[in-house]
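Using the hints provided, position chain B with the ligand relative to the given structure of chain C.
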Amino acid sequence: MLPEVVGLKGPLSCLTQARYGISWGAIGAAEACLEELIEYTKTRVLFDRALDENQAIQIRLADMQRRITNAGLLSHRLGQLKDEGRMNPTQVSLAKWNNVRMALDIARDCRDMLGGSGISAEYVPIRHMLNLESVITYEGTETIHQLTVGRALTGKNAF
Amino acid sequence: MSIDLFDINSLLSEEEQIVRNNVSRFVDENVKPIIQDCFESHSFPKQLIQPIAELGLLGSSIEGYGCAGMNSISYGLICQELERGDSGVRSFVSVQSSLVMYPIFTFGSEEQKEEWLPKLAKAEAIGCFGLTESQGGSDPANMKTHAKKDGDDWVINGSKMWITNGSIADLALIWANTEDGIRGFLVETSTSGFTANEIDNKFSLRGIGYI
Ligand SMILES: Cc1cc2nc3c(=O)[nH]c(=O)nc-3n(C[C@H](O)[C@H](O)[C@H](O)COP(=O)(O)OP(=O)(O)OC[C@H]3O[C@@H](n4cnc5c(N)ncnc54)[C@H](O)[C@@H]3O)c2cc1C
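Residue numbers (the numbering used here), protein chains in the order written: chain C, 11 to 169; chain B, 210 to 420.
It should be emphasised that the hints constitute simulated quantities derived from the structure, not laboratory data. Fair warning: there could be bad hints in the mix.
Said to hold, decoys possible - List time: in silico BS3-like cross-link candidates among lysine-lysine, alpha-carbon distance up to 25 Å: (1) B/Lys241 x C/Lys52; (2) B/Lys322 x B/Lys358; (3) B/Lys353 x C/Lys19; (4) B/Lys255 x B/Lys331; (5) B/Lys255 x B/Lys353; (6) B/Lys255 x B/Lys241; (7) B/Lys357 x B/Lys255; (8) C/Lys166 x C/Lys19; (9) B/Lys241 x B/Lys411; (10) B/Lys331 x C/Lys19; (11) B/Lys357 x B/Lys322; (12) C/Lys19 x B/Lys358; (13) B/Lys331 x B/Lys241; (14) B/Lys357 x C/Lys19.
As the list claims (entries may be wrong) - Pairwise CB distance ranges (calculated): (15) B/Asn230 x C/Asp62: 23 to 33 Å; (16) B/His355 x C/Gly125: 20 to 30 Å; (17) C/Gly95 x B/Lys353: 33 to 43 Å.
For clarity, every value in this text was computed on a predicted model and none was experimentally measured. Yeah, the Cβ is synthetic: ideal placement off N, Cα and C, and Gly gets one too.
Just chain C, with the same shape it has in the complex (with noise of 0.2 Å):
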């Protein structure tokens, strides 16, 4: 048994630590799926032209990187303050449910982006997605990691 904790605070201290460690990790599978989709509009021809010469992949490409910064940014900032010590619960769940939402978006937007070849195991996406699924959902759901946001604006549990 371990002697110095007693009560969920223990179990929950150690996934505030996986989820830090998480909010850091869907930005590599977002980044991995969007360095493949770059190179696969560039030598992709339909109607006469490279796909990334059209207006509306290169929109969706500039809104992909984004997404990345942003988050990257976001768990710069966090490891900061985890270094400092001062860290909060808050500011893990609020982490992890923009940067896994963005990299499962991501790789889902990557995935119709190659059109038929997206679900084929040549290509990345796919794997990260379905990945993700999971990471969306383990160590806090989405919907947990709001509600956590939300009890902190509002000073109510809602879950």
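Below, chain B with the ligand without anything else, positioned relative to chain C:
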């Protein structure tokens, strides 16, 4: 390497950049070439465990006990680079580091730390974290597993579900109700009465095992 528009890399210390580059290279050379097959064939890439330990990625934030004692940004970068390869590989490290080694380091006795942390850091022992039960993971306070003192021993009754690394673990950190409240127990999986049944009909994280 992916695009770093805001030059976040320059916020990293030299040591943090080295950690990141080492893990990134490991993922490119060792994870990416095999992980898609592991997913398809539903098999755990055991050959990755030893190199992960050698890079100091298990319990990387812990000072002493054979651990690397890196800072939190480095732990984040380790997770980011590993998950560039696969969420399952990152999950394996999250569980060993944050859910097994962290609580032993933070809440364990000196004897428990000395017995387990060096082995877990070297991957001579694999750990798992048993909190969730089938009646509802979001509400862990509704825990049915209980532990009762029997002389000098504890007897634990109950079952857990969705336990990452459960099927390959040597050590399970099991959370159980006691007369005093919820407590954590280090249970060697070779203990009689411990059984683990793998969940194999899943379509996510197919490269790693669960019970
Ligand atoms: C791949 C994987 C690995 C895992 N690894 C581990 C592990 O190593 N150790 C461990 O202990 N556990 C582990 N888990 C368990 C995980 O933490 C739980 O699955 C998670 O907490 C959700 O619990 P549940 O599955 O019972 O869903 P439930 O708690 O039954 O939730 C069902 C749904 O209800 C929603 N919900 C719940 N409460 C409320 C509310 N009050 N208001 C609104 N909506 C609500 C949830 O968001 C969810 O959408 C793992 C799970 C998975 C899938």
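inquiry  = Hints numbered earlier in the text: which of these fail when held up against the supplied structure?
reply    = 5, 7, 10, 16
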